[in-house]
Amino acid sequence: MMRALLKICFSIFFLMGVSSRLQAADPALIAAAKKEGQLTWYTTQIVNQFARPAAIAFEKKYGIRVNFIRADSNEVTLRILNEGKAGRVQADVFDGTGAAASLKKDGLVAKFIPENASRLPSQFVDPDGYWVATNLYVLTPGFNTDLIKKGSEPRTFQDLLDPKLRGKMAWNSNVTPSGAAGFIGVVLAEMGDEKGMAYLRQLSQQKITGLGVSARQVLDQVIAGEYAIALNIFNNHAVISAAKGAPSHWTPMEPALAVLSCLSLTAGAPRPNAGKLFIEFLMSEDGQRLYRDADYLPVDPDVPPLFPELRPDGVKFRAIFMTPEQINESLPKWGAIYKDVFR
Amino acid sequence: MQNHIGSDERVIVGLVRRSLACVKAIDEKTYLVAALICIMALLVLPPLFFLVVGAVTVSDADGVRITFERFSLLLDQKGILFSTINSFIFAFGSAVLALVIGGTAAWLVERTNAPLKSLTYVTNIIALGTPYVLYTSAWLLLLARSGPINTWYRQVTGGTETLINVYGMAGMILIEGLLWSPLVFLLLGATLRNFNPALEEAARMSGAGTWSIIQRITLPLSLPSILALTMLVFIRTVEAFEVPALVGTPGRVRVLTTDIYELMHRVIPPDIGSASALSLILLGVVAILLYFYGRLTKNAEKFATVTGKSFRPNQFDLGRWRPVAAFGLAFYFSLLIVLPCFILVWASLLPFYQTIKSSAFALVTFDNYRAIFTSSRYIDLTLNTITIALVSASVVMVLTAICAWLTVRKAPGAKIIDQLGTTPLVFPGIVLGVGVMQFFLNIPIGGYGTIWIIIWAFLINYLPYGVRYSYAGMIQLHRELEEAAAASGATPIQGFRRIVFPLLAPSLIAGWLFIFLLSTRALSLPVLLSGPGSQTMAVAMFDLWGNGQGPELAALGLVWSLAMACIAVLFYSVARRSGGGLPAN
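Residue numbers (the numbering used here), protein chains in the order written: chain A, 55 to 397; chain B, 16 to 600.
Keep in mind the hints are simulated off the structure, nothing from the lab.
Since we're looking at a predicted model, the values are computed, not measured.
Careful: at least some of the hints might be erroneous.
Below are the BS3-like pairs computed for lysine-lysine, each with C-alpha atoms no more than 25 Å apart in a straight line [said to hold, decoys possible]: (1) B:93 to A:393; (2) A:261 to A:218; (3) A:261 to B:93; (4) A:89 to A:204; (5) A:387 to A:261; (6) A:204 to B:372; (7) A:89 to A:203; (8) A:261 to A:203; (9) A:114 to A:89; (10) B:93 to A:387; (11) A:249 to A:387; (12) A:370 to A:203; (13) B:372 to A:203; (14) B:93 to A:298; (15) A:261 to A:298.
Label pairs and their in silico Cβ distance ranges [unchecked claim]: (16) A:92 to B:167: 44 to 54 Å; (17) A:203 to B:174: 31 to 41 Å; (18) A:324 to B:241: 46 to 56 Å; (19) A:182 to B:585: 51 to 61 Å; (20) B:461 to A:205: 50 to 60 Å; (21) B:388 to A:367: 40 to 50 Å.
Glycine residues also receive a C-beta, built at the ideal position from the N, C-alpha and C atoms.
Using the sequences and the hints, build the whole thing.
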């Protein structure tokens with residue numbers, strides 16, 4: 055009995071010790087990072103929802119400035135690819151759904167796994183050591199509750215073929231998971247190539263508007279009333295906007311697409327220490343709480359999301375999970391299908 | 016006798032000295048010409064060279080080889096043909112619309128007794144300093160399916176249909192035409208102002224009415240300027256990027272510029288080779304158009320109506336049509352200023368965009384303005400934009416002032432400089448962007464993603480404008496002032512520095528301000544070339560639109576445009592005083 059109690063106490067102490075070790079970054083790294091003074095972060099995170107608050111929190115904690123540029127995952131990839139070719143990489147840290155998987159082949163990603171990632175389940179850390187996941191994205195349709203009454207929204211792929219919806223749907227036309235390409239990927243994975251293509255051809259009759267803008271902006275246009283439904287948006291965005299009073303909601307259409315937002319250090323980063331410290335920061339419990347407080351789905355098991363229903367549980371809400379590598383491999387194919395069938 | 020010999024000697028000494036000075040002068044000018052040719056060639060030619068290299072070379076496992084397969088692949092695609100046709104329809108429609116709107120306004124203001132003249136001037140000048148991205152997004156908000164116009168239409172009819180679908184060719188033409196109308200107004204206004212009324216008066220004496228004078232005298236005489244202007248707007252619209260990207264892409268209307276952008280941005284890895292090949296095709300199209308434009312403006316001299324005589328063109332009395340004209344100009348003012356400002360103010364006060372309705376008033380917040388004024392990023396953006404514009408405008412004007420001086424004074428070899436200075440007219444912004452990018456990707460000398468490569472691209476892009484302004488100022492200066500300086504022992508360069516340059520100042524300042532304003536609002540070049548530390552305001556606005564922050568874009572745009580409007584007003588007062596007006600290309 056006493057022994058068991060001691061064991062529990064010991065484990066509590068041990069855990070506390072571990073967590074405090076996880077919280078505090080290596081002083082040598084902090085000193086080196088402070089010497090560098092700033093860092094550049096190419097991010098796919100929406101500026102006012104996450105990028106700006108995260109940059110401010112880091113600046114407050116360490117006094118190190120974060121210059122961020124927000125763009126879609128393919129644009130982030132492109133920028134770093136070009137910088138590498140031109141012999142001057144300018145980003146220190148970048149995130150995205152497929153960027154790291156694509157760039158590591160070109161030798162533009164540094165191997166770096168933060169100490170704070172050690173408590174994460176293994177699927178959230180690249181076995182090769184090039185990326186670590188910060189949060190989970192779940193891509194579903196979102197809709198305008200003024201235009202479509204809650205409860206009457208389309209809930210299956212077949213529902214999307216309803217002639218009443220013709221011309222009333224939009225998606226992001228960039229070659230990225232959070233757009234038409236990702237949607238096509240899910241359809242093919244779920245239905246198989248032959249049936250999937252037949253479905254997509256039927257869907258193309260619905261005249262879906264392809265907007266060359268982020269999924270966030272597609273949802274914004276739906277909220278403004280331009281379209282009734284946004285296909286393949288981040289479901290937490292609909293919740294964030296609804297909390298601010300916007301007529302937006304999402305529907306757990308099955309299967310949803312679940313992808314990871316992955317964080318990496320660039321190879322040849324001009325400010326590697328500040329970059330590493332920033333990654334440690336975002337993966338720390340404080341950093342993961344930033345994701346939670348912004349209504350995102352943190353990967354940290356100790357930081358449960360504010361809206362757990364956003365996360366597919368595999369029972370009531372099923373999703374297809376794709377690794378960054380799978381996405382990166384298939385994206386060109388999905389993009390080509392989009393061009394053929396929908397444009 | 017002694018005296019006589021003495022004066023002979025003095026004459027001879029004077030002659031020798033003068034011819035020595037001449038030799039020295041020729042030397043100095045020749046060096047200057049040679050130096051300028053080198054500078055301008057280094058400025059202008061590398062992007063063109065790398066564009067061609069990028070388009071025709073392929074590097075694979077077998078090494079680098081030359082091929083034209085990209086061109087044949089591109090031309091085989093039906094898509095490119097459609098894009099080309101679309102580019103032309105879009106450009107033609109926009110040019111005609113800009114001409115009708117801007118031209119009518121210019122005629123009313125310059126040649127009639129219509130009211131609201133100052134208001135119309137102010138409208139057009141403010142429009143000159145406003146980024147096209149901002150204008151385009153404002154009109155999109157107005158004309159969108161959920162915008163006020165369609166909403167009110169649905170409320171009136173009770174249906175669910177929309178009155179206007181802005182995403183399509185018609186919407187593109189409408190917005191692009193509106194965007195260009197201020198420039199047409201200002202350029203055509205200058206032509207109409209300098210109109211010799213003798214012929215019109217003769218017609219009036221012979222009993223012709225207002226309408227038949229316009230139809231048979233004014234219009235035919237202004238036709239060359241009108242045609243040239245239409246052509247100019249046509250060329251600029253073939254090169255346009257903002258409206259095709261923001262209005263055309265969602266409406267599935269592809270044009271050449273958006274095709275190039277997509278080849279660079281929507282596929283991984285980017286197909287820079289095909290983008291270069293397509294850029295060369297677009298460059299060819301523009302070059303052909305410019306050739307015809309050149310011929311058109313050359314013949315225009317035959318129709319010269321500006322003479323040495325002093326005159327003031329008389330003004331038509333609109334009579335009972337005056338209120339109609341007033342209404343028209345007020346409508347123009349509201350289209351260009353009131354409505355965009357109104358919708359932007361509304362959008363800037365919302366956390367997420369909602370159409371104007373009572374329930375949305377509860378959402379009103381100043382958070383967007385707070386974000387702008389507290390974020391250090393916007394200070395950086397302002398600094399970048401202003402630095403790029405300042406350096407580009409200054410270097411262009413200094414370079415072109417020297418060019419104009421050498422050209423007008425017919426220095427040997429000056430023709431080459433002139434040619435180099437005007438060649439960049441064939442570069443659409445996006446094509447130049449691809450060329451400069453190719454240069455840095457092939458020669459990794461660093462500098463990629465800094466403000467300096469944007470400045471370099473701007474220098475190339477705006478050289479022709481600078482040439483135009485400097486040349487116009489230079490031909491007014493008689494050489495006797497420099498000769499007087501030379502006789503007093505000044506070298507040509509001293510003469511230029513201390514006599515020509517100060518006298519050219521008004522034209523140079525007008526040109527400087529014009530280039531400054533264009534640089535602050537340009538998008539198509541920096542959107543391809545900017546790195547994390549070198550973003551400009553226009554790029555940030557484009558990103559804000561694409562990344563779902565329309566309300567913050569509205570707030571930022573309003574604050575920025577207010578500042579630029581002040582500079583634009585300054586520009587116009589300087590330009591008017593120097594008599595420079597605006598360049599025709």
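Hint check results:
1. A threshold of 25 Å between alpha carbons decides the hint, and for residue 93 of chain B with residue 393 of chain A the separation of about 13 Å falls inside it, so the pair holds.
2. The straight-line distance between the Cα atoms of residue 261 of chain A and residue 218 of chain A is roughly 12 Å, inside the 25 Å bound, and the hint therefore holds.
3. Using a Cα cut-off of 25 Å, the hinted pair residue 261 of chain A and residue 93 of chain B holds, with the two alpha carbons roughly 21 Å apart.
4. Between residue 89 of chain A and residue 204 of chain A the CA atoms are separated by roughly 53 Å; this puts the pair beyond 25 Å, and the hint is violated.
5. Our distance criterion of 25 Å between C-alpha atoms is met by residue 387 of chain A and residue 261 of chain A, whose separation comes to about 21 Å.
6. The suggested pairing of residue 204 of chain A with residue 372 of chain B holds, with an alpha-carbon distance near 21 Å, which does not exceed 25 Å.
7. With a CA separation close to 55 Å, the supplied pair residue 89 of chain A and residue 203 of chain A exceeds the 25 Å bound.
8. Simply put, residue 261 of chain A and residue 203 of chain A have alpha-carbon atoms about 22 Å apart, close enough for the 25 Å limit, and the pair holds.
9. With a C-alpha separation of about 16 Å, the suggested pair residue 114 of chain A and residue 89 of chain A falls inside the 25 Å cut-off, and the hint holds.
10. Of the supplied pair hints, the one linking residue 93 of chain B and residue 387 of chain A holds, its CA atoms being roughly 21 Å apart against a limit of 25 Å.
11. For a cut-off of 25 Å, the pair hint linking residue 249 of chain A to residue 387 of chain A stands: about 17 Å separates their Cα positions.
12. Between the alpha carbons of residue 370 of chain A and residue 203 of chain A the distance comes to roughly 22 Å, so the proposed pair stays at or under 25 Å and holds.
13. Taking the CA atoms of residue 372 of chain B and residue 203 of chain A, the gap is about 19 Å. The hint holds against a cut of 25 Å.
14. Straight-line distance between C-alpha atoms of residue 93 of chain B and residue 298 of chain A comes to about 46 Å, which puts the hinted pair past the 25 Å bound.
15. For the given pair, residue 261 of chain A sits about 30 Å from residue 298 of chain A by alpha-carbon distance, which is inconsistent with the 25 Å threshold.
16. Look at residue 92 of chain A against residue 167 of chain B: about 49 Å separates their beta carbons, and that is inside 44 to 54 Å.
17. Range check, residue 203 of chain A to residue 174 of chain B: Cβ separation about 19 Å, and the 31 to 41 Å hint is violated.
18. For the hinted restraint 46 to 56 Å between residue 324 of chain A and residue 241 of chain B, the CB-CB distance of approximately 54 Å keeps it satisfied.
19. The given range of 51 to 61 Å is respected by residue 182 of chain A and residue 585 of chain B, whose C-beta atoms sit roughly 58 Å from each other.
20. Range check, residue 461 of chain B to residue 205 of chain A: about 59 Å between beta-carbon atoms, so the 50 to 60 Å window is met.
21. Distance hint check for residue 388 of chain B and residue 367 of chain A: the Cβ-Cβ separation is about 44 Å, which falls inside the suggested range of 40 to 50 Å.
In this structure, the hints that do not hold are numbers 4, 7, 14, 15, 17, in rising order.
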